[in-house]
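Chains A and B, in that order, give the protein sequences.
Note that this note's numbering gives residue 206 to position 206 of the first sequence, counting from 1, and the numbers run on in steps of one.
Note that this note's numbering gives residue 90 to position 90 of the second sequence, counting from 1, and the numbers run on in steps of one.
Quick caveat, the hints were computed from the structure, so don't treat them as lab data.
Treat the hints with care, since some could be wrong.
[Unchecked claim] Lysine-lysine pairs mimicking DSSO-like chemistry, simulated, CA-CA at most 27 Å apart:
1) B:Lys-3 with A:Lys-242
2) B:Lys-138 with B:Lys-3
3) B:Lys-117 with A:Lys-242
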Amino acid sequence: MAAGTVNSDRRKKLIIVFMAVLLLLGIIVSVFLGQFDITPSQLWGIITSRFTGVEPFWTSQQEHVLWNVRMPRILTACLVGAALSCAGCVYQGVFENPMAAPDFLGASSGAALGAALAILLGLGEAMITALAFMISLATICLVYIIGSRTRGNRTVGLVLAGLMVSALAQAGVSFIKLVADQTNQLPEITYWLMGSLTGTENKDVLFAGITIAIGMIPLLLLRWKINVLTVGEEEASSMGVKVPEVRAVSLICATLLTASAVSVSGMIGWVGLVVPHFCRKITGNNYLFLMPASVLTGAFFLLMVDNISRNLFVAEVPIGILTAVIGAPFFIYLITKGGEPV
Amino acid sequence: MMKVSGLSFSYGSKEVLHNISFEAVSGELLCVLGHNGAGKTTLFRCMLGLLKPENGSVSIDGADITAMKPAERARCIAYIPQAARPVFAYSVIDMVLMGMTPRLDRGHLNPGSEERKTAIRILDQMGIADLAERDYTKLSGGEQQLVLIARALAQGAETLIMDEPTSSLDYGNQMKVQRRLKELASEGYTIVQSSHNPEQAFVFADRVICIKDGRIFREGKPRDIMDEQLIKDLYGIDVEMISGGEDKARFFLIRE
Chain A
1 MAAGTVNSDR
11 RKKLIIVFMA
21 VLLLLGIIVS
31 VFLGQFDITP
41 SQLWGIITSR
51 FTGVEPFWTS
61 QQEHVLWNVR
71 MPRILTACLV
81 GAALSCAGCV
91 YQGVFENPMA
101 APDFLGASSG
111 AALGAALAIL
121 LGLGEAMITA
131 LAFMISLATI
141 CLVYIIGSRT
151 RGNRTVGLVL
161 AGLMVSALAQ
171 AGVSFIKLVA
181 DQTNQLPEIT
191 YWLMGSLTGT
201 ENKDVLFAGI
211 TIAIGMIPLL
221 LLRWKINVLT
231 VGEEEASSMG
241 VKVPEVRAVS
251 LICATLLTAS
261 AVSVSGMIGW
271 VGLVVPHFCR
281 KITGNNYLFL
291 MPASVLTGAF
301 FLLMVDNISR
311 NLFVAEVPIG
321 ILTAVIGAPF
331 FIYLITKGGE
341 PV
Chain B
1 MMKVSGLSFS
11 YGSKEVLHNI
21 SFEAVSGELL
31 CVLGHNGAGK
41 TTLFRCMLGL
51 LKPENGSVSI
61 DGADITAMKP
71 AERARCIAYI
81 PQAARPVFAY
91 SVIDMVLMGM
101 TPRLDRGHLN
111 PGSEERKTAI
121 RILDQMGIAD
131 LAERDYTKLS
141 GGEQQLVLIA
151 RALAQGAETL
161 IMDEPTSSLD
171 YGNQMKVQRR
181 LKELASEGYT
191 IVQSSHNPEQ
201 AFVFADRVIC
211 IKDGRIFREG
221 KPRDIMDEQL
231 IKDLYGIDVE
241 MISGGEDKAR
251 FFLIRE
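Just chain A, same shape as in the assembly (with noise of 0.2 Å):
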């Protein structure tokens, strides 16, 4: 029996390597795609160059694709579906709820009223990602609030004043694109809602790689204990979790990630909630495995579907709008003939 729970545990890792081994060359592969060409040749002496100091055999404007457009746009996709998937599969454990996402708890939207807000006073880029970071903390920490203070139960309190406070940061989002001006900010709100990775810049890449490694670390240090938390608090604690430390540390963290994300892409929805529930099929539900899992997948994911947003058709689609169209059947997939329920 004890060779066969070894066995079990060293075919999960070798899943984990598998997606990582893919992620790379998920990687590889879309530094090739777009509209400049680049030959593997060219790719490999425009990265080693900086060593090798060979002459240039390509042209100035593929080398600034390259590290300007297309590394930037690829490593936020990368860190954004991770970071979007890592939240999701930490919410869904913290408050016991396969339905859970970052979606839920009010972050999205939260970050939403935060960008549109700063379009209609028109700041500039860097206040955008700010303002829609900031609020969305907010939201969260209100959610988090009203959520404590409800009677009975909790988890459903929560969900509730997520609901809740989600519907009012629409409702402001909705009043400031009422007021917004018709010609400039209108689009740019509009499009920001949509979710998207065009014009990622490096300092993007910069700004959302140091947030959601902050955010990202102590989960993976902490993922033992929330499988503790996802069998209930009076449990858990009876088990020596200090369950509201380790609940409070994995939602400030799971909501720093949300929050970078959304920042730097605009909403992204589903991946959220299908990127983990679509681990759990693979790897089952312990966070031990779920969670690296989910954080590979995730990246592979937003990265393939970016992929798609920017070279299927001469105009690019929006990512949100991708995402929701092949997340939301694939989760009626899981949650009806996907096997066995979560």
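Use these hints to put chain B onto chain A, whose structure you have.
Chain B alone, transformed into the frame defined by chain A:
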């Protein structure tokens, strides 16, 4: 040895427990009887450190449990709920490994192969090693209860607190689980369980504590205290007691 002394607890102005004192020694299976709302669950929550008593204390081998760190407390005292229904399906081995959490530390955040071996050994000891890879949520109630007991043993605790451990099981499984608990007690574990079944308590418990309206109302060996009067005082019904098998069992028949 677990010692509860002078324990009182109130929810707001409503006093739920009043001056409860008793001891449970190693190797003893203690059964707490009482009507619904008598305060059994609140008492257990205080004993587990989930609620802080207003007055009085709970100690294990002389150490006050409220002064312990959560992990330290979990290594002394474990809780076995009536039934655990996790939202997400975990394998049996993962459930037992969760019990190992208080034995992990800063340098060792996740259970590894060492913990796995221990978990398998405990499952083996409970006679359910063949369930290790099965999905916990798909087991029968009796098997689930055995897994929860294994999880409690994995904590390394020697005092087990059980809230009506067998009340949702069928007759055969009730007997199996109770017999298993009796064996654990004879191995030196201290077991405190609540029950709504006085006849079962008579057979399996070494000592019975009766709680009524938040106070200990009677306490003693089942043979000494369990009679018609006790059942009438505890549950307010008239019964006739029938002793069977040279008083190995006592049955209570309701008088019309």
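Violated constraints from the hint list, given by number and in increasing order: Hint 2 contradicted; others consistent.
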